[in-house]
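Whenever a hint applies, use it, and build me the whole structure from the sequences.
Those sequence lines, one after another, are chains R and E. Here the working numbering is used: the first residue of the first sequence is 1, the next is one more, and so on. Here the working numbering is used: the first residue of the second sequence is 1, the next is one more, and so on.
It is possible that part of the hints are untrue.
[To be verified] From the derived model, a few chain E residues whose C-beta atoms are all more than 12 Å from chain R:
| # | residue |
| --- | --- |
| 1 | Asp-22 |
| 2 | Arg-46 |
| 3 | His-76 |
[Said to hold, decoys possible] Covered stretches of chain E, going by a simulated chain R footprint (3 or more residues, C-beta under 8 Å):
| # | region |
| --- | --- |
| 4 | 14-20 |
| 5 | 23-32 |
| 6 | 49-58 |
| 7 | 80-87 |
In short, the hints are calculated from the structure, not lab data. Remember, it's a predicted structure, so these values are computed and weren't measured experimentally. Each residue gets a CB set at the ideal place from its N, CA and C atoms; glycine is no exception.
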Amino acid sequence: MQKYSVFSLIKNAFSNHQNWKVAWKDPTPKSEYDVVIIGGGGHGLATAYYLAKEHNIRNVAIIEKGWIGGGNVGRNTTIIRSNFMYDANARFNEFGMDLWRNLSQELNFNVMFSPRGIINLAHSDAQMNAYARRGNSMRLNGIDAKLLDRDEVKKLIPMADFSDEVRFPIFGGLMQPSAGTARHDAVAWGYARQADDMGVDIIQHCEVTGFDVVNGKIKGIRTSRGDIKAKKVGLCVAGSTNILAEKLNMTLPIETHVLQACVSEPVKPLLDGVVTFGAGHFYISQSDKGEMVMGGDLDGYNSYAQRGNLPTIQHVLTGGLALFPFLSRLKMLRTWGGIMDMSMDGSPIIDKTHIEGLYLNCGWCYGGFKSTPVSGWTFAHTIAQDQVHELNSELRLNRFSTGHLLDEKGLGTKTWIG
Amino acid sequence: MLYIKCPYCGLRAQKEFSYGGDATVKRPNINEEVSNEDWDNFVYMRKSPRGKHIELWQHIAGCRQWIKVQRDTATHEIFQTAKVTEEIR
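This is the structure we're talking about:
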C-alpha cells in the first residue's frame, strides 16, 4: 500500500497528482467468505478492519447496497465523547476514546480528530446536581469531567445569551475536555483503505435480498450480485436493521426514525468545542470550514426517508436561538436527514443471535459515530471468538427481556413521551 | 410538512399532532396469565416496516382525540386516517 506522508504528497505533486493509486479496489464477489459483514458504513468497515488486524481473519467481505460512507457515517454531526454515567456505557466509550486518539496514526489517514471539549449546559440547580453526579461517575471510570459554574461557562462561550431576560438562564455546565469532533468521511475512507490492504473485499452496489439459514445455522446470503456462502455473517446496517431482520423472521427492540441536522454558511472561528443546550434538544459545533453544525430532535415518527420535515428543524433552531441569538443572522446552507436505529432504552446492541453464526450490531440511536472504532473492535471480537467481549457484555439483545436496561438518559424511540 | 386528515376536524398540519407509535401492537389481556415473552413483545419489540405503517397520532392541538393513520415510512405519503376505534384495511 502506498503510504501517505508529506513526502508522498511532494513526490506526487511533481506528476500533477496523476499517479496516486486507488485507495481500495472494486472486486467481484467471491463465492465464499469466512465472514461477511453487511453494511459498508463506519461500523462495518471498522469491524472488517479489526477482524483482519486483531484476529487475523482476512477472508472477509463487506457488502454495501449503496457506496461506502454514503449512509450515517457521512450524515452525522461528527461529535466524539464518552460523557456517560453508567459503567457499561462509560467503559465502552472510553475504550473508544483511546482508539480515537491514535486513529490517524494507526490508519495512516488524517481523521482530523480534534479534542476541543464538549459542554452540556445546565439551566437549573437540579440540573447542576445531576451533572455533578454524572461528572463524579465519569471520573470514577477514569474519564475527565469538569463542573463549570456560570462564569466559567461565560469565559468559554461568551456569545451565548447571558442576559437577564432569558427564559432558561445558564447556571453552569458539565464539560468533558477530551471530547471533540473528527472528519467523518475520513474515518470511513481510512478504515476502508486499511481493510482493503489486508485482503478485505469491499463490495459496493450489492443489495442483500435474503439469507440462507439451515437448521438454525447461517450458511450464506443472497444478494443482487449472486449467492455468497459465509461461515459467519455480521449485520451492521443501522437504520436498515429492521428490513433485514424481517427477512430473518426476527423482531427487534428497534424502531427506525429520521434525524435531521443542518449547517449554516461558514463564518470565522467562533465556537471552540461542542455545546449542548440543557433546556431543549439542541447541539452545536463549528466545523473546520467554519460552518455551524447543528442538530437536535428526531422528527418523531417511524421513517426510512433519509429526509425530514421543516417543523422539526424550526423547533430545534428555536432552541438554538434561545441559546445563541447570533444564529438568527446566519443563512442556513443545507439540511439533511439520516435514518436511526432507535433502540428502546437508547443504548446499542452488539451481540450474537439465536441463529448460529449470525451477529448483530445495531441500536445506535443519536450517537453511532463516536462509537465507530470501539463498535468495530468489540463486534470483531464477538464475531471472531463467537462470544461477547467484556466491553459489550451489557450491550446484549436479551437485556430487554431480563430487565437489565441501559437507559442512560431515558432516551429511546418514544420521544413523544419526553 | 405532513398534512393529516383528522376524522373529526379535517385536514390539519403535522404541528397540531403528536405521534403515538405502531397502532397494531396489542396489549396482553391482563385478566389472564401473561408470559414474560408476551410483555416483552408488547413493550419493546417492533416490526418498524419500510412501507405502509398503521400508527397512532393524537390531535393534541386540536380535538385531542387519538386517531389511526396509515402512512408510508419510505415516502411519508398518507393513505388513510380513521378513528381509533375503526379498522384500517
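Checked hints:
no., hint, verdict
1, Asp-22, "violated (8 Å)"
2, Arg-46, "violated (5 Å)"
3, His-76, "violated (6 Å)"
4, 14-20, "holds (count 5)"
5, 23-32, "violated (count 0)"
6, 49-58, "holds (count 4)"
7, 80-87, "violated (count 0)"
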